[in-house]
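Taken in order, these protein sequences are the chains called A and B.
Here the UniProt record's numbering is used: position 388 in the first sequence is 388, and no number is missing along the way.
Here the UniProt record's numbering is used: position 100 in the second sequence is 100, and no number is missing along the way.
By construction, these hints were calculated from the structure, which means they are not laboratory data.
Predicted, not measured: the structure shown is a model, and the values here were computed from it.
Accuracy of the hints is not assured; some may be wrong.
Derived DSS-like pairs (lysine-lysine); straight-line CA-CA distance at most 27 Å [unchecked claim]: (1) Lys155/A x Lys355/A; (2) Lys262/B x Lys344/A; (3) Lys27/A x Lys155/A; (4) Lys262/A x Lys344/B; (5) Lys292/A x Lys28/A; (6) Lys344/A x Lys355/A; (7) Lys292/B x Lys281/B; (8) Lys262/A x Lys281/B; (9) Lys155/B x Lys27/B; (10) Lys344/A x Lys28/B; (11) Lys292/B x Lys352/A; (12) Lys281/B x Lys164/B; (13) Lys28/B x Lys164/B; (14) Lys164/B x Lys344/B; (15) Lys262/A x Lys281/A.
According to the in silico footprint, chain B covers these stretches of chain A (three or more CB under 8 Å from chain B) [unchecked claim]: (16) 45 to 54; (17) 257 to 263.
All C-beta atoms, glycine included, are put in the ideal place defined by N, C-alpha and C.
Protein chains: 2
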Amino acid sequence: MTTRRGLLTAAALLAASPAMAQEVVEKKVFEAGDFRTRGGASIPNTRIGYQTMGTLNAAGDNAVLICHFFSGNSHAFGRLQPGGPAGYWDAIIGPGKAIDTERYFVVSADTLVNVNVPDANTVTTGPASINPDTGRPWGMSFPVIAMRDFVEVQKRLLDSLGVKRLALVAGPSNGGLQSIEWAAAYPDFVQRAMPVIAADIDAWMQGWLDVWESPIRLDPNWREGDYYGQGREPPLRGLAEAWKVVTLQAVDRAFTGQFDRKLPEGQDPARRIGDRFAIEKWLDDRAMARAKTTDANSFLYMVRANQLFLNDYPGVQAALEGAARRWLVIPAPNDRVFVSDGTKQFIELLRKAGKQVEAAEVTGPMGHLNGVVGMAPVADRIRAFLAE
Amino acid sequence: MTTRRGLLTAAALLAASPAMAQEVVEKKVFEAGDFRTRGGASIPNTRIGYQTMGTLNAAGDNAVLICHFFSGNSHAFGRLQPGGPAGYWDAIIGPGKAIDTERYFVVSADTLVNVNVPDANTVTTGPASINPDTGRPWGMSFPVIAMRDFVEVQKRLLDSLGVKRLALVAGPSNGGLQSIEWAAAYPDFVQRAMPVIAADIDAWMQGWLDVWESPIRLDPNWREGDYYGQGREPPLRGLAEAWKVVTLQAVDRAFTGQFDRKLPEGQDPARRIGDRFAIEKWLDDRAMARAKTTDANSFLYMVRANQLFLNDYPGVQAALEGAARRWLVIPAPNDRVFVSDGTKQFIELLRKAGKQVEAAEVTGPMGHLNGVVGMAPVADRIRAFLAE
């Protein structure tokens, strides 16, 4: 068992988990072929990465789909190599765990337009992919992708694996939105939905997503998305500013309290306008590290996919009325992305739509990220939900 | 009486007020002379604008000081010309109102480094002012200003007016922070403090202030602050992005609900990646309008002043222990800038410090801005607090 004591960074909190098992998973590639988007465009040679654990039964109805968060990928459980870091939800997925891979066949896939383009363990199709018609990266000529398109590519993957029914679709944040979109799109295929730290994307959330992405467009290196290739610099500063907003909004005051009244060595912001406080330096460093491992155009497309949540429906209420029946909704009360008023309203909407709804909570200093790193305390609730 | 029906914009909500009076106030200039900052720098020819209503009594102890919000100025009450717009807190300040100018001498001043540089009714000293040593604008060579410096210049103004004691110091947001800083700096001079939509500036808030300002530094027109003068373009795009964050965070989901699922004419964001949703267009337009009437460098200095809240003290608890005794604290429960956990903690800290603390609330769809545009419902609480 690997432990990583003493590293109180969000990266470590994301990477570490109190896993007892050392399940190794294999990253695979699904060739989805030609894909027609909800917006009416065609994408040839569509491919996404995925991983599985457990065995599909003969009826094909013991499958679970896990959908990832905005900056995540399919690595929700297990380890990609022995001794490597565990997946982000490894605390609740594995042999004998809440989502028990001795009973369920668990699948998790990379989304289209995944931001982790430079990562060898992420396989996606998006603006950084080669457009076979031109032999060059798509850039901003890549078609708009909606949240529903994420679902449709995953559906093809599940069909190819022989899955006939999902006992559960679940995920945190953007993964929670995908779960809701799945439950609305395929009410009979989806037996249970468990959106974690997610709710409706209303205009206020669409505005925040715009705030997240705007620094990318301001960076002169962005060049309308045409920054790929030799001799060109990617818009790292703009992308880092974008990650800065996400990083800060995804944690809560209790977590950043460690930086209260602290100054980095040699910095004197009370006397020099260019000097920084400790929280600013932490955000700068963390955001630049994330910028170096992600792609700016993909960030813009991922934002748009989120803004197009449930875009096939006149509204969230209409979408939920026709959706799958059984829900376990898990917000974080100190979530600063999906604020508690919004998650409460979402649960009410589900009840008004006549669904069977349970609610739990994830708590802790991490705010929104409690739904990624703090799932162990709700493991029994998830186990019970699956047993019903 | 002027009414402005049908304009549901934040600007109109800020400008309009259900004022019954047509009190005209005169904008005056206070020459503060040479000013030494908390950071140890000297500023010659320091000047700020101010306005007053009511009459100071012989003892000089019936004065009230109103401090303005981040993007505001001294225009808290009355009208600068007959028929002109009323000040932002006109609903609670004036003859016979909660803060009764028939009993109190009410003063409100522009801060140092005020952002409204192009506005003829704002008088401030900051990075856009001329440095008399060079004959050119200070730019980023202007000394760092702390929240306490705002207080010290205002103290000189009050001394010059013959004020011996403040019956009340109050203000919303940044004005609430100034009120707290005043109560800590001059506990005997300040009889009562009323911070509205304000609490401590912890690391999380320092981080948000950094998020607000970062787009300015990304704009190539910013040029390290050297954008003044003929033939140079100010960093309008970066400044607009900065105001976009402020604008969105200062309202709540109920207000932006009017934009849910709406698209501007001719826009199709589900098919074109460059197209916009209605909320984005509203934010773009509103933010650019604010950018055109404000100064980018002053925004950076205003951010720093906020980050340096209570910077003379080892912490907020220490500052409050020595502070003035009587408090009325008025948060907004759906405030997304000063979140409710933080305002509750602040009230607890005041109580732990042995202060006499009352609390009220401002509610409504505007979130944080309820403390600017929604003060009428707490008028009686304020009147009673002043009568105690």
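Structure-inconsistent hints, enumerated in ascending order
8, 10, 11, 12, 14, 16
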